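Kindly produce the complete structure, drawing on both the sequences and the hints.
So the sequence lines, in the order shown, correspond to chains A and B.
The numbering used here puts the first residue of the first sequence at 1, with every later residue one more than the last.
The numbering used here puts the first residue of the second sequence at 1, with every later residue one more than the last.
Here are the simulated distance ranges between beta carbons:
#1 A:V385 <-> B:G168: 56 to 62 Å
#2 A:R224 <-> B:H78: 53 to 59 Å
#3 A:D251 <-> B:A73: 53 to 59 Å
#4 B:E110 <-> A:D370: 52 to 58 Å
#5 A:D184 <-> B:G14: 35 to 41 Å
#6 A:D291 <-> B:E85: 20 to 26 Å
#7 A:H250 <-> B:G145: 44 to 50 Å
#8 A:S292 <-> B:E85: 19 to 25 Å
#9 B:E85 <-> A:H250: 52 to 58 Å
#10 A:L392 <-> B:A73: 38 to 44 Å
#11 B:Y146 <-> A:T27: 28 to 34 Å
#12 B:E241 <-> A:G322: 50 to 56 Å
#13 A:T27 <-> B:T138: 17 to 23 Å
Just so you know, these hints were derived from the structure itself, not from any lab.
Only a predicted model underlies this, so the values are computations on that prediction, with no experimental measurement involved.
Glycine included, every Cβ here is placed at the ideal spot set by N, Cα and C.
The lines below spell out each chain.
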Amino acid sequence: MSTVVKAGRFGMFGGQYVPETLMNALTELEREYKKCLEDQEFWSEYHYYLREYSGRPTPLYFAANLTKALGGGRIYLKREDLNHTGAHKINNVIGQVLLAKRMGKTRIIAETGAGQHGVATATICAMMNLTCEIYMGEEDVRRQELNVFRMELLGAKVNAVSSGTRTLKDATNEAIRDWVTNVDDTFYVIGSVVGPHPYPSMVRDFQRIIGDEVKEQILALAGRLPDYLVACVGGGSNAMGLFYPFVDDHDVKLWGVEAAGQGLDTGKHAATISRGSPGVIHGMMTYLLQDSEGQILPVHSISAGLDYPGVGPEHAYLHQTGRAGYAAITDQEALEAFKLLSKTEGIIPALESAHAVAYVQKLAPRTSRDELIVVNLSGRGDKDVYSVLETLKGGGPA
Amino acid sequence: MRVRSVFTNLIQHGRKALIPYITAGDPELAVTEEIVMAMVQAGADIVELGVPYSDPLADGVVIQRAAQRALEAGTNLHKVFELVESLNSKISVPIVLLVYFNPVYQYGLEKFIQKCVSAGAAGMIIPDLPLEERAEITSIIEAGGYPIDLIPLVAPTSRERIGKVVEGASGFVYAISSKGVTGVRKQFSGELESFIGQIRSATELPVALGFGIGDVETVEKVKEFVDGVILGSVLVQMIEEAAAKEEAIAKVSGFIAELRKVLG
Ligand SMILES: Cc1ncc(COP(=O)(O)O)c(C=O)c1O
Chain A
1 MSTVVKAGRF GMFGGQYVPE TLMNALTELE REYKKCLEDQ EFWSEYHYYL REYSGRPTPL
61 YFAANLTKAL GGGRIYLKRE DLNHTGAHKI NNVIGQVLLA KRMGKTRIIA ETGAGQHGVA
121 TATICAMMNL TCEIYMGEED VRRQELNVFR MELLGAKVNA VSSGTRTLKD ATNEAIRDWV
181 TNVDDTFYVI GSVVGPHPYP SMVRDFQRII GDEVKEQILA LAGRLPDYLV ACVGGGSNAM
241 GLFYPFVDDH DVKLWGVEAA GQGLDTGKHA ATISRGSPGV IHGMMTYLLQ DSEGQILPVH
301 SISAGLDYPG VGPEHAYLHQ TGRAGYAAIT DQEALEAFKL LSKTEGIIPA LESAHAVAYV
361 QKLAPRTSRD ELIVVNLSGR GDKDVYSVLE TLKGGGPA
Chain B
1 MRVRSVFTNL IQHGRKALIP YITAGDPELA VTEEIVMAMV QAGADIVELG VPYSDPLADG
61 VVIQRAAQRA LEAGTNLHKV FELVESLNSK ISVPIVLLVY FNPVYQYGLE KFIQKCVSAG
121 AAGMIIPDLP LEERAEITSI IEAGGYPIDL IPLVAPTSRE RIGKVVEGAS GFVYAISSKG
181 VTGVRKQFSG ELESFIGQIR SATELPVALG FGIGDVETVE KVKEFVDGVI LGSVLVQMIE
241 EAAAKEEAIA KVSGFIAELR KVLG
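Okay, here's the thing in structure tokens:
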């Protein structure tokens, strides 16, 4: 195993494992992105849309009822669910689409799992008048029917992907294939901190607004940094966005929460870091769920947004170095948390975010009353209400 | 035999290399072996064998489906190496493996190369291992002195990268005919010839053109300026559509024989 640390790597993780056809496009993307990093005008435009269009900053809400119910540390909810379109995904989309416009690209493509990233991309493309095509696995099209309709309303074309396991992994393969074919005029807006360099760093930079705001807000509310940050991890963008500004604050414990599906020992889960091993998927070296021959395994989660066999390379690195911990929550536990937050706080979380809440349910009672826990409520649960109803009627998680 | 000497021979005689691709284990390994034998009999110069992978992101639907069928039939690396070994005892044309990087990485880079060499594979093509990521594997090949070629891919978008991509490479250069994934197309960029010219000015290696070539007319056109042609999806589709293996063998080898006539 190479220990060479190269540009575009987080330790041994990251890199650019893509067909040669895409290499110049990645180099150009990196060059243009670096230019934007230094460009005040770019960031003021980005912040303008976050503020005026998406409604940032999102509140950091002290969840008094949940805190009382769990009987431990003080729990704060970072309300990413209050963003326009209902999830953190839009932070990243605004950044990438602004970059695409600067690069003169006229056609936007994206993959989506739960449909949240697809909806956010379709939304920004509608607002900025760009052509938009979304790739979504057939299985997810079925699970998230409402989001498909939303994307179509917003003027996007939704391509159902029937290859492989028909979920997020395959939608991502198909988006990459589209990009290889239409690389001249097309910008691929990746929805998480995954993919070949520079995507994982770029998406993190567009999501770090979450952590930057939390830092300011918790200092104002509590006068000190939090003890725990908790976020769900699919590809890892909401977690990376929350964690990143705190990585050098060593007293702040970072917890990523993966999907344990029907249980870590059932083979039906998406707990990539807990149960995976290093390998290559979607252009990056990272942890992934694979068999002994390197074939990528089917994954399962009740939440389409966590149903992914890989994870962002920076998480792989935070795990390997021990800076962040990664726990896993089952479908059943997530459903319980979904109901708990709805009843105690009057907030229906996305099933993805419910995984983070479920971990807090375990964590909080072990903490003392003066400890501070921030949990990222990455999205709202409206999109999941129907499938939760079906699941509860059916007597348990599918 | 090494890939390079095949080209040297052909070039001396004014002929072009005919390089068919099929996916190993589609529909099953025993049939793959029979098809390869028939293709060689019909005039193939080098055989490219695809190692089936769950997530072949450089491939179009035809080869994706072939990989899926092969995996469902229980194809794995061990069995692919057995096939290569068995073929090698029966035919003298070089076999080149098309394999995605993750299976190679899981096997262990050096172990994989050793296994290729002992089974008798002459080369490998790793479509998701660009220049930026290939240093480790090329240094293993060099340090071990392994007689195997890592065939570099050059794309129409490579432009100023071409020189670096072909630097230190061996075997031949795989020129990708158009942007996109594998799969038969009718339209090719009018700039194909100048694209091949750019590659030639960067290397002495033979250049073979692939991706999307599926009919005799296209082969007629491009043979003037390349050293070889690679055809995959068109053959894989014949195998997919055949009602029985005899039909697959007859169709594929008939088509190869036809191409042989065109390529001299
Ligand atoms: C609400 C919500 N949270 C979390 C995720 C998981 O993505 P990530 O791990 O990149 O934040 C998704 C993905 O669709 C989502 O919709």
